[in-house]
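**Q** One-letter residues, chain by chain:
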Amino acid sequence: MIILVHTAYHEGNVSANLGQPEYSYYFVLREFRPMLEQLGIVIDIHEPVREVDVIYRNCLSHGMPCVFLSFMPPNKAPIGLACPTVPVFAWEYDNLPHEGFGGKPRNDWRRVLKHLGSAITHSSFTVETVKRMVDTTFPIIAAPAPLWDRLAAKKHSVRSPGSNAVRLRVDGIVIDSQFTDLSQYSKAKELACAPAPLPLPAERSEGVSELELDGIIYTAVFNPGDGRKNWVDMISAFCVAFAYNADATLLLKLSHHDISEVVPQMLECMHKGGDFACRIVIVHGYLRQDDYEHMVDATTYTVNTSHGEGQCLPLMEYMSSGKPAISPRHTAMLDYIDDSCAFVVDSFLEPGTWPHDMRQAFRTLREHVQVDSLIRAYRSSYYVAKQEPETYLAMSTAAVVSLQSYCSHAVVRPRLAKFLNAIIAQDPRQAESALPL
Amino acid sequence: MRILTYCDVNGSDILERLGTPEYSYHFVLEAFQVALSQFAQVQRIDKPTEADAIWRQCSDASETCLLLSFAPPHKTTLGLQCPTIPVFAWEYPNLPSGNDEESWLTDARNDWPQVLLKCGAAITLSTHTVRAVQDSLGNTYPIEAIPTPLWEKFSSYRMRGTLPPDRASVDICLKTRLVDSDLLGLSAENLVTSHPDDGTPSDPEADMLLPPLPPVDDNNWLVELDSLQQDTFTESAGISEGMPPIDTGWDIPPLFNVSTRLSGVVYTAVLTPSDGRKNWEDVITAFGWAFRDVPDATLVLKLGGPDQLKHHHQMLMLMSKLSPMKCRIIALHGYLDDADYGQLIGASTYYVNASLCEGLCMPLMEFLCCGVPAIAPNHTSMVDYLQPEFAFMVDSTPNLPTVWPHGDHQVYKTSRHQINWHSLMLAYQQSYIVAKSDPPAYAAMSASAMADMEDYCAIDGIALRLQQFLESRLRDLNAKEAHMAPMALTS
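Top line first, the protein sequences correspond to chains G and B. For reference, each letter of the first sequence is one residue, going -10 to 426 in the working numbering. For reference, each letter of the second sequence is one residue, going 3 to 493 in the working numbering.
Here chain G stands alone, though its shape is the one from the complex (with noise of 0.2 Å):
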């Protein structure tokens, strides 16, 4: 089988472009494409409307069996194609954008999706949603970007929590609330300053450093720039409940390439938090592959207080990993977040709006987190870190069950290779021009 596969960015560009539209799908790709090698020869695409027919009537000739995954949302899935185009894309709303809204009759999925005849997608959540409002027959999958293989491999300390400090090397900016005058950042100072944000504490470090983590360790991997995150609560709500718990660290590890205006939002969070005792760091910039693992593995408690997710990458590598969540139960979690592997945080909806529609008119839902029920889930997941031992393994054990059965290889690709096949064996060129071997 030819896999042919396009996507936005590529290695070369994707780091000077984290937190842009579609920047995500990259490293979707990068988690299926070992998986996608096992099912066929993988081909990258730069240009979709140039190469993709030219091999797909190569492969025609050859009878190759051939298919395009379009690693990009329905309205930038390239439409005129003559080889089964199948969009492989992220949504985590209540509904599918059904309005050619901006004069682009794109923009109104259901007829994308309706026209190429296939999707996959990586949560059941957003299968219902898609079979909901295209038709209840419209051939789709979830596929999650699968990662378990890669982390739950490799031998992660089975420590009880909180139990010793750790050294990590980082190359980039880390703010830590313990050593930031935090009144620099107050409601006054910022509206004094606006339009221009508050510029970066000057005692942030900057370049190669080490920072020592210790006690329980909260971590959450995110996109500051996406709305979605909803770091307001997350903050808040820790420096609540948290407040007289020196020992309880939030990590918060950003990837965007501009934190300019987000730091001096969230600094001036915590100083509405007030004195609270907890250490709240921010890191910013590249950690080096064992750096990376090294965080993971002095992670106590990852967290996610989103208005939804279409899969979540940092959530799913984490739990793989043996991190129990902080987590609300919606969208894509519902696939993998229960009580079992995470303290489910209540949510409820609200008004939302599609994230690409220039108008932000009101026409979705997105779910909210209950302050009151993540404060809680903090304090019971810190209770269970230090005086229930036993209670944290078993979560961190059943937090890679719940992800084995999730995105494993051995549960997504026979999923995969399945769909991938019944596609191309309904497209009627290929029927045809299928070659006996």
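Honestly, the hints are just simulated from the structure, not real lab data. Wrong hints could be hidden among the right ones.
Said to hold, decoys possible - Heads up, simulated PhoX-like pairs for lysine-lysine below, C-alpha to C-alpha not over 20 Å straight-line:
id: 1; chain 1: G; residue 1: 176; chain 2: B; residue 2: 415
id: 2; chain 1: G; residue 1: 178; chain 2: B; residue 2: 415
id: 3; chain 1: G; residue 1: 93; chain 2: G; residue 2: 103
id: 4; chain 1: B; residue 1: 323; chain 2: G; residue 2: 93
id: 5; chain 1: B; residue 1: 120; chain 2: B; residue 2: 77
id: 6; chain 1: B; residue 1: 482; chain 2: B; residue 2: 120
id: 7; chain 1: B; residue 1: 323; chain 2: B; residue 2: 312
id: 8; chain 1: G; residue 1: 120; chain 2: G; residue 2: 103
id: 9; chain 1: G; residue 1: 407; chain 2: G; residue 2: 120
Unchecked claim - Label pairs and their computed distance ranges (CB to CB):
id: 10; chain 1: B; residue 1: 222; chain 2: G; residue 2: 126; range: 18 to 24 Å
id: 11; chain 1: G; residue 1: -1; chain 2: B; residue 2: 99; range: 53 to 59 Å
id: 12; chain 1: B; residue 1: 229; chain 2: G; residue 2: 372; range: 53 to 59 Å
Note that beta-carbon positions come from the ideal geometry of N, C-alpha and C, so glycine has one too.
Since chain G is already given, all that's left is putting chain B on it; use the hints.
**A** Chain B only, in chain G's frame:
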């Protein structure tokens, strides 16, 4: 017994202070005075300092005398000879402490526990506040939750009886500045945002390939109403003929007698948008979402407070983001006189509250007193009087961090409730179905609201509780004096 009453607003400047924090105290005071008059001689004073002269006169005549100061503790005058009891509303779970805010350090009264201890007793409007005070000062601190006695004030409205919940039309004529969503030509298409174009390709020829699909229909919840007859009830207020509403776009229309016709199910909220705890955004968005395909649902917002134009623009933005919507939203900016307020109550099917916290919420009580059932969360002061028999309860959870309303707004010092928006949206839809399909159930809610409110805030019961509480305070004072007197002699 002589009771002096004081609040920082009086009848003559009340119109200028609509929507300010002091202005509700004026209404509380007026309602309390009627109850107090049942057992005491009540005298309203213009300045707290007038109290001592009157107290001395009373003392000389062996008449007991107290000052009820209708103001929050940090605005209570201390150091008077006349025993002073603060009467205040409070919607947070804890009390302000003197060093909470930098700007408070100059006035020791910002430490509420200290003020309350000095006064020796207090009256508040809800058991939620009693809990907050006793959490700080101990369960023996004398404080009583006594709601504003509103029941009798609305007897004339009740005499008219309540309308059926779903009406073909009710004509109202109000002297107000009325904004009508039906006239605004609302559209999401021209919204200007800072959101960048995402580069979605567009090619008319290629786009022809896309199959046509029908618009999305999300109205399964309305199916059960399909077989019902439309109600043909109509009522005309007929008070005076006014002009129809006008559209003035980005401006608020001027003040004039506006006549308009409300049809179907009418939801009303009375609030001050600048008061963030009122959470009016949720009131609007949940309504607009619930009824975007329902032409006979109307939300009437009676708005007070400062920054009218800013809130008008905010509302235009929210409604544009919701549009197209078939339901109708009407905003009434500014003061309504009693007769017009009565028309509004009479035209309302339900009252809506989505507040993050409440010290009492008089408008909600007023509508309930008139048999208008409610949609509201069951938290803070509303716990004292809301019941599922006459309210669609909106889910909420406590502990949402926030700043003091009268502080520096820099650091979280307290908390309020988080409203579950989805629960509010569903409450709109459920209440609509009841109004359209089950008039007997609606009538039962209405009757139940009135029965409960009579128990809760009728004047005789409240007068008795006030009398008992105040007499008990006077006994405490006498006992204290008797205890102090021998000490004074020996020293």
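**Q** Hint compliance check: list the failing hint numbers for this structure, sorted ascending.
**A** none
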